[in-house]
Amino acid sequence: MSGDGGTYAPKSPDLSSFYSPEGPTDEAPSTAAQPQAAGAQPQQLSSQQSQSQFSPQQRLHLQPPATTYFTGAPAHSPQRFPQGQQQQPQQQQQQHQQTHQQIKPQQSPAYSPYLSSPSTVSQAGPGFTSSSPLQSQHSPQQQQKAPPFYVQSPYGTQYKPQFPVQPAQFYGTAPANSAPLPGQADGVSSSPSSFAAAQIAGGMPPKRGAAAQAAPAPAIEPSPVKTKFPTARIKRIMQADEEVGKVAQQTPIAVGKALEMFMVNLVTKSADVAREKNSKRVSAQMLKQVVESDDQWDFLRDIVSRVENEEKASAGGAGAAAAGKVRG
Amino acid sequence: MSDHEFGGNDDLSLPKATVQKIVSEILPSSTGIAFSKEARDLLIECCVEFITLVSSEANEISEKEAKKTIACDHITKALEQLGFSDYVPAVLEAAAEHKEVQKGREKKANKFEQSGMTLEELERLQAEQFAAAAARHT
Numbered sequence: 001m002s003g004d005g006g007t008y009a010p011k012s013p014d015l016s017s018f019y020s021p022e023g024p025t026d027e028a029p030s031t032a033a034q035p036q037a038a039g040a041q042p043q044q045l046s047s048q049q050s051q052s053q054f055s056p057q058q059r060l061h062l063q064p065p066a067t068t069y070f071t072g073a074p075a076h077s078p079q080r081f082p083q084g085q086q087q088q089p090q091q092q093q094q095q096h097q098q099t100h101q102q103i104k105p106q107q108s109p110a111y112s113p114y115l116s117s118p119s120t121v122s123q124a125g126p127g128f129t130s131s132s133p134l135q136s137q138h139s140p141q142q143q144q145k146a147p148p149f150y151v152q153s154p155y156g157t158q159y160k161p162q163f164p165v166q167p168a169q170f171y172g173t174a175p176a177n178s179a180p181l182p183g184q185a186d187g188v189s190s191s192p193s194s195f196a197a198a199q200i201a202g203g204m205p206p207k208r209g210a211a212a213q214a215a216p217a218p219a220i221e222p223s224p225v226k227t228k229f230p231t232a233r234i235k236r237i238m239q240a241d242e243e244v245g246k247v248a249q250q251t252p253i254a255v256g257k258a259l260e261m262f263m264v265n266l267v268t269k270s271a272d273v274a275r276e277k278n279s280k281r282v283s284a285q286m287l288k289q290v291v292e293s294d295d296q297w298d299f300l301r302d303i304v305s306r307v308e309n310e311e312k313a314s315a316g317g318a319g320a321a322a323a324g325k326v327r328g
Numbered sequence: 001m002s003d004h005e006f007g008g009n010d011d012l013s014l015p016k017a018t019v020q021k022i023v024s025e026i027l028p029s030s031t032g033i034a035f036s037k038e039a040r041d042l043l044i045e046c047c048v049e050f051i052t053l054v055s056s057e058a059n060e061i062s063e064k065e066a067k068k069t070i071a072c073d074h075i076t077k078a079l080e081q082l083g084f085s086d087y088v089p090a091v092l093e094a095a096a097e098h099k100e101v102q103k104g105r106e107k108k109a110n111k112f113e114q115s116g117m118t119l120e121e122l123e124r125l126q127a128e129q130f131a132a133a134a135a136r137h138t
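Chains A and B supply the protein sequences, listed in that same order. Numbers 1 to 328, taken from full-length UniProt numbering, label the letters of the first sequence in order. Numbers 1 to 138, taken from full-length UniProt numbering, label the letters of the second sequence in order.
Hints should not be assumed to be uniformly reliable.
[Stated by the list, open to error] DEER-style ranges, computed between Cβ atoms:
1) A:R236 / B:K21: 15 to 21 Å
2) A:P224 / B:E60: 14 to 20 Å
3) A:E276 / B:K107: 49 to 55 Å
4) A:Q296 / B:E97: 22 to 28 Å
5) A:K246 / B:Q129: 40 to 46 Å
6) A:T268 / B:K16: 17 to 23 Å
7) A:S305 / B:K107: 47 to 53 Å
8) A:D272 / B:P15: 23 to 29 Å
9) A:P224 / B:R136: 53 to 59 Å
10) B:Q129 / A:T227: 40 to 46 Å
11) A:D241 / B:Q126: 46 to 52 Å
In short, the hints are calculated from the structure, not lab data. Even for Gly, the Cβ is constructed at its ideal location relative to N, Cα and C.
So that you can see chain B by itself, here it is in the shape it has in the complex (with noise of 0.2 Å):
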């Protein structure tokens, strides 16, 4: 929403706010060290070269691979060839992750499906419901 009221460049850019909750998350005031404004400005400049660096180095993977579309392999494999294999784990990890929230997103819209009733009570409900609506409507 607030990136299509401000446009263009900022839509290229990382939330400040995102991205001080994030430092702040990993500096925590117990610390008693703060970010300063350049500072994570800075900071905001060098997470975008990454995601840049990252996702151009994964395209040339995934073009080599003769793939249009840039999976999570090449993401990990592109990391790898830039020296942040150490990353790699993590990164597997938190795909998987995804998945599985992905699984259950599926199993529960089934669920809701089935879960329900029979597919004649279903059509029957919705039969009564059409009238019901039907009925508030005359």
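Next up, chain A with everything else stripped away, as it sits in the complex (with noise of 0.2 Å):
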């Protein structure tokens, strides 16, 4: 556990907090196989439980039955660690969400913050968790038992226009009052598609992402691309590589999207070369000459300079000539 830990924390630093008080929580129950926890004292464990067990196992009696499998999961299972493995980084999403939400009230007036929002999650994080670890430690567990409007409405509800209260507050009051008010929820899943994004490109389950649509565009002006690659062909040329084993449905689409811009870039910058050069027609010396401008192009300068080569030793084609002209 302590490895997946290490593992996720570069990433997102604000959540290594989130984990050390979540590691014992976590691994209580396995501890208590040790002989060190369970003979010396049981006692300790007990009330180690009483804090940080609890709460989540009382709401879990109010809660469906179904959601019991989460607490008895960790316990007993008998490979625990892969298990953990796979939970990591839904809970690490979920505290994102989390603190998505716990951050809400402080700068609820606009939303537009959070589409840049990833820096203001890490600021502001450690923030709230110093100022309440073990609720926070909770939550995420809570969020998973609880079905989505049932963590949401109240926050909507309360925060926003009354308490500046601390969400940790919040969170030791709330159970009560679980009534899903639809407006409100509407309030709260209106956090902009480019953070559902992030939550779908983690391979979150779309958990709200159904009332997050109505997302203000984020700065990303229009393409002037309506053709889009056939997403199979790129999945093969991904899979040409064979070290490149399994494709989620979603990548084509996202590198389909990245090399669309990749082209916008590539023939933009060729077209103003030829613009320069009073030529109506990109050469492929043109396109070259870009790669060659920037260091970004890198990975094409190889590609670029064969091409040439070849096109010096076949002299044919009107694009080589009339790159010549201008070269000449």
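Put the complex together from the two separate chains, hints included.
Pasting the structure below:
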């Protein structure tokens, strides 16, 4: 488990503070099997449980039985480790979510900050954590158990308008009012699509994605390109690399979009070069010039040099001729 | 289809017509600038190289995370590492859009089931149609 924490910690530093308290919580049942914990200090163990595990369990009784497996699983499962691995990213995501929610009250007037959110989260995250380590440690578990709106809606209601209260306190008092209010659920879930996308990208089940459509568009200028690359082809090209194994369904779409932007970049730049040279045709040499003008295109240098040589050898093609004129 | 006909080499390239179309979308005829055939072919090679680069970088990232499947997340991280971080927002948007479309499809499928009739009615209808079909064949 600590290994996992190490893996994830560097990527999102704010979570490291979540994990260290999280570790014992999760492992408390399993350490019971070890002589040291079980024999020497059963008292301590139980008190630990009462602190860190009880409230979720209590809530568990209020919840539909379907959720029971969660508390059961970590303790008894024989393959604890792989399971832990799988759960971790999920929890990580959820903690992210949660941080978002926690921040919301502070920044409520405008949602737009969320578009650039990742940095905001990591800044604000630790502050909250340190103020309420215990609560924040529970909450991801709560979220896993509760149906999405159960947790969400109270946030919308109580938070934004009224209290400048610590989210932690809210958590303590929350369970009572579970009534989902449609309006507020909306307020919460209107977190912009870029955030939703981040969740999706992480393989999160789209918990609240359903309501996340109404996003004020981030500063993405509309692409002139309407034609999409065939995703099957992209996938095949990706998998031509033997190292590349399975590819998620969305991945070729993401790559296709990136490719599109890559092309826009390359094509407009080479068109600029053509304009400078008073040419109406973009030649392979102009493209080469663009590639060599910027380190960003480093990886294309081999290709462009090869192509030019080929063209010199064959000396055919209007493009090569035009380019020769320009150069000469 | 045409992929199978030509087989092999063409497989791992991008369709020329599509690339040409995209190029002319980027450079509409009003700009008065066109891509030469050689430039387009070179562009295609660059595109393939770009895909390969991104996917191998993403593959490494996914391996580091002990994941067997390359997800969107890995692509965006790869783009960032390769100096294409300005592509990331649009990529995320496209992925989210796709997700939305997919969801719409699922919903449609569900609606198709639900909107019709109750299960009993559907069963009755099915029985009727079976009977009709049987009658037609005898």
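Against the structure, the hints:
no.	hint	verdict
1	A:R236 / B:K21: 15 to 21 Å	20 Å, holds
2	A:P224 / B:E60: 14 to 20 Å	32 Å, violated
3	A:E276 / B:K107: 49 to 55 Å	51 Å, holds
4	A:Q296 / B:E97: 22 to 28 Å	26 Å, holds
5	A:K246 / B:Q129: 40 to 46 Å	41 Å, holds
6	A:T268 / B:K16: 17 to 23 Å	20 Å, holds
7	A:S305 / B:K107: 47 to 53 Å	51 Å, holds
8	A:D272 / B:P15: 23 to 29 Å	26 Å, holds
9	A:P224 / B:R136: 53 to 59 Å	54 Å, holds
10	B:Q129 / A:T227: 40 to 46 Å	42 Å, holds
11	A:D241 / B:Q126: 46 to 52 Å	49 Å, holds
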